[in-house]
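Below are the chains, spelled out letter by letter.
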Amino acid sequence: MGAFILKRVLQAIFVVLVVTLFVSYAVRLSGDPALMLSQGAGSVTEQDLRNIRAGLGLNRPFMVQYADFLRGVVVGDFGKSFMGGTPVSRLIRDALPATLALAALSLLLSIVVSVPLGIQAAVKQGKGADQFIRIFSLIGLSFPNFWLAIMLVLLLSITFPLLPPSGWDGPLSLVMPALTMAIILSATNVRLVRTAMLETLSAQYITVARSKGLKDRVVLYKHALRNCAIPLITYIGLQFGNLIGGIVVIEKVFNWPGLGTLAFDAIAGRDYPVLQGTVTVLSLVIVAVNLLVDVTYGLVDPRIRAR
Amino acid sequence: MPAAPLPIAVAAARTFQWRSLEFILGTVLTGVMLLLVLFSVWIFPGRGSAMDLAARLAPPFVQWSHPLGTDPLGRDVLARVLVGGRISLTVGLVSVLGASIAGIVIGLVAGYYRGFWDMLLMRCVDVQLALPFILIALTFISILGGGLGNIIAFMVISQWVQYARLVRGMVLSVREREFVQAARAFGVADLPMLRHHILPNVIGPVIILMTLNVANNILLESSLTFLGLGVDPLIPSWGGMLADGRTYMQTAWWVTVFPGVAIMLTVLGLNLLGDWLRDRIDPTGKL
Chain A
2 MGAFILKRVL
12 QAIFVVLVVT
22 LFVSYAVRLS
32 GDPALMLSQG
42 AGSVTEQDLR
52 NIRAGLGLNR
62 PFMVQYADFL
72 RGVVVGDFGK
82 SFMGGTPVSR
92 LIRDALPATL
102 ALAALSLLLS
112 IVVSVPLGIQ
122 AAVKQGKGAD
132 QFIRIFSLIG
142 LSFPNFWLAI
152 MLVLLLSITF
162 PLLPPSGWDG
172 PLSLVMPALT
182 MAIILSATNV
192 RLVRTAMLET
202 LSAQYITVAR
212 SKGLKDRVVL
222 YKHALRNCAI
232 PLITYIGLQF
242 GNLIGGIVVI
252 EKVFNWPGLG
262 TLAFDAIAGR
272 DYPVLQGTVT
282 VLSLVIVAVN
292 LLVDVTYGLV
302 DPRIRAR
Chain B
786 MPAAPLPIAV
796 AAARTFQWRS
806 LEFILGTVLT
816 GVMLLLVLFS
826 VWIFPGRGSA
836 MDLAARLAPP
846 FVQWSHPLGT
856 DPLGRDVLAR
866 VLVGGRISLT
876 VGLVSVLGAS
886 IAGIVIGLVA
896 GYYRGFWDML
906 LMRCVDVQLA
916 LPFILIALTF
926 ISILGGGLGN
936 IIAFMVISQW
946 VQYARLVRGM
956 VLSVREREFV
966 QAARAFGVAD
976 LPMLRHHILP
986 NVIGPVIILM
996 TLNVANNILL
1006 ESSLTFLGLG
1016 VDPLIPSWGG
1026 MLADGRTYMQ
1036 TAWWVTVFPG
1046 VAIMLTVLGL
1056 NLLGDWLRDR
1066 IDPTGKL
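Listed in order, the protein sequences are those of chains A and B. Residues 2 to 308 in my numbering are what the first sequence spells out, letter by letter. Residues 786 to 1072 in my numbering are what the second sequence spells out, letter by letter.
Don't read these hints as lab results, they were simulated from the structure. By construction, the Cβ of each residue, glycine as well, lies at the ideal position given by its N, Cα and C atoms. Among the hints, a few may not be true.
As the list claims (entries may be wrong) - Which residues of chain A face chain B? A partial, calculated answer using Cβ under 8 angstroms:
# : residue
1 : Phe5
2 : Ser25
3 : Pro232
As the list claims (entries may be wrong) - Computed list of lysine to aspartate or glutamate pairs in EDC-like fashion (alpha-carbon distance at most 20 angstroms, straight line):
#  : chain 1 : residue 1 : chain 2 : residue 2
4  : A       : Lys81     : A       : Asp69
5  : A       : Lys128    : A       : Asp33
6  : A       : Lys125    : A       : Asp217
7  : A       : Lys125    : B       : Asp903
8  : A       : Lys128    : A       : Asp217
9  : A       : Lys81     : A       : Glu47
10 : A       : Lys125    : B       : Asp911
11 : A       : Lys81     : A       : Glu200
12 : A       : Lys128    : B       : Asp903
13 : A       : Lys128    : B       : Glu807
14 : A       : Lys8      : B       : Asp911
15 : A       : Lys81     : A       : Asp95
16 : A       : Lys125    : A       : Glu200
17 : A       : Lys8      : B       : Asp1064
18 : A       : Lys81     : A       : Asp131
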């Protein structure tokens, strides 16, 4: 077991190294921040540009800059924003709660919806209810998340002015982004619950529980759901990268003050340290969640360790 | 509670009906959208850029000349939706072809020969699973600029891994089967072995993945274009129309609603087909 965990941790570290290396390199190809910073400053000489670059540490070899960046990541120092010099770690710390709140609420909403529906679909396999749920889940997988966001704004802010359309304007602002994400997530999660449940329901202990005369509700929610919780958590954990990717876009549409919006603004302003820091933190979160899921699964199910 | 089990024949008939409905609906949706988009340039010679200044912001379902209304420049929404579909379908089809060909070759080699290349592939898989996909796309595309070619290249680079992983996994089990052992005993060389014995046995699930990825990439392209990182905003495309329409959503909802409906119908058709294929080819649900 120790060897298994060690192997997974080493893999995770390798992944983080590759991701950060790629992002730092890619980000430097994207344009010259010295030019961006000196825009509108009147006549700028080549020497001025060189001074700006030297001041930002951009004249050093790439690997030195990367090593410097990695050293910073370990102690939680991502450098300073090119715009205004705010420490990146502070920008991230300010934006992270908004992203996490959105992620948590949408995941929660989607579980509340998709677990009962997925169980119903599995119980009524092949019948009307199953097909109905299946069609709705397929439709939910078939439009872009930002379009759903726009349609919800059209419905709930413009036609019926119930909710604020964007930005942060009290807790009500969280409702629409979370609803959008929850609908998109539920479309996938319903299918996961259905598949996991179908497998569990064919197990013998379910037949035993039924033949003891236990109520359906008890059999389904106490015996079956608990037993398919592990594969379910694994699937949902593996979907975590998609969840973060979706949230980034949704944040942009709703102008939600989280990491996604931070990253978009950083791309627009060629603000390397901010972009680098944001993508690194998001990747770290995803890698950590995947690692956690893997190790837990390995602990519970010895067959996984052998792979 | 379990209802009395249906006689097998009745159950089969019911499943069959549903399955064929799924297939018919999927084919019709995909086929109709494909044909409309393909022939849109002939149906609308103006290619969706012709402006009818007398009929700016015409609402939908009112006049025959503009069945789905017009945008603030007097351009016909129906024409723009259909012509704009060419971008989405091109991106979806070409990217999937590229990624699947690369992925199949690499997956076959890694699964058949194992060793170093196999290990390298699996590390690529790990990295790909951990990437915040859309952020990498944004970083990548903001460097290289948008444009059809770059979007497709990006999708190929980031998605070949899915096919490679799938093919590798299946090759690992197929290569141990008796018919492969028998072929090997007959002295069949590696290349014919891979082409004639192994590839036909792993291609089914790959086709399912391809169908679903065409759908996914259509969604992805529209997201990127919507965010201003995709194709040129001057070329009509679904994502671009949604981005434009958003600014005057309050006065003209139809400009934003119809491109989204077009995306949904196309992607739904492909998803239905993918689902149907999955049930046909992979009934145990490994995918």
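Close enough to count: is the Cβ of A:Ser25 nearer than 8 angstroms to one in chain B? Since the shortest Cβ distance to chain B is 10 angstroms, the answer is violated.
Go through the hint on A:Pro232 and say holds or violated, using the shortest Cβ distance to chain B against 8 angstroms. violated, 12 angstroms
For the pair supplied as a hint, A:Lys125 and B:Asp903, confirm whether the alpha-carbon distance does not exceed 20 angstroms. violated, 42 angstroms
Compare the distance between the alpha carbons of A:Lys81 and A:Asp131 with 20 angstroms, and conclude whether the hinted pair is satisfied. violated, 53 angstroms
Is it true that the CA of A:Lys8 sits at most 20 angstroms from the CA of B:Asp1064? violated, 36 angstroms
With the threshold set at 20 angstroms, check whether the alpha-carbon distance from A:Lys128 to A:Asp217 stays at or below it. holds, 18 angstroms
Take the C-alpha atoms of A:Lys81 and A:Glu200, compute the straight-line distance between them, and say whether it is at most 20 angstroms. Measuring from Cα to Cα gives roughly 51 angstroms; hence the hint is violated.
Hint consistency between A:Lys128 and B:Asp903 [alpha-carbon to alpha-carbon, up to 20 angstroms]: violated, 43 angstroms
Straight-line Cα separation of A:Lys125 and B:Asp911 no greater than 20 angstroms? violated, 37 angstroms
Between A:Lys81 and A:Asp95, is the straight-line Cα distance small enough, at 20 angstroms or below? Judged against 20 angstroms, a Cα distance of about 14 angstroms means the pair holds.
Compare the distance between the alpha carbons of A:Lys81 and A:Asp69 with 20 angstroms, and conclude whether the hinted pair is satisfied. holds, 13 angstroms
Given the hinted pair A:Lys125 and A:Glu200, is their alpha-carbon gap at most 20 angstroms? Holds. A:Lys125 to A:Glu200 sits at ~14 angstroms (cutoff 20 angstroms).
Hint compliance for this structure: hints 1, 2, 3, 5, 7, 9, 10, 11, 12, 17 and 18 are not met, and every other hint is.
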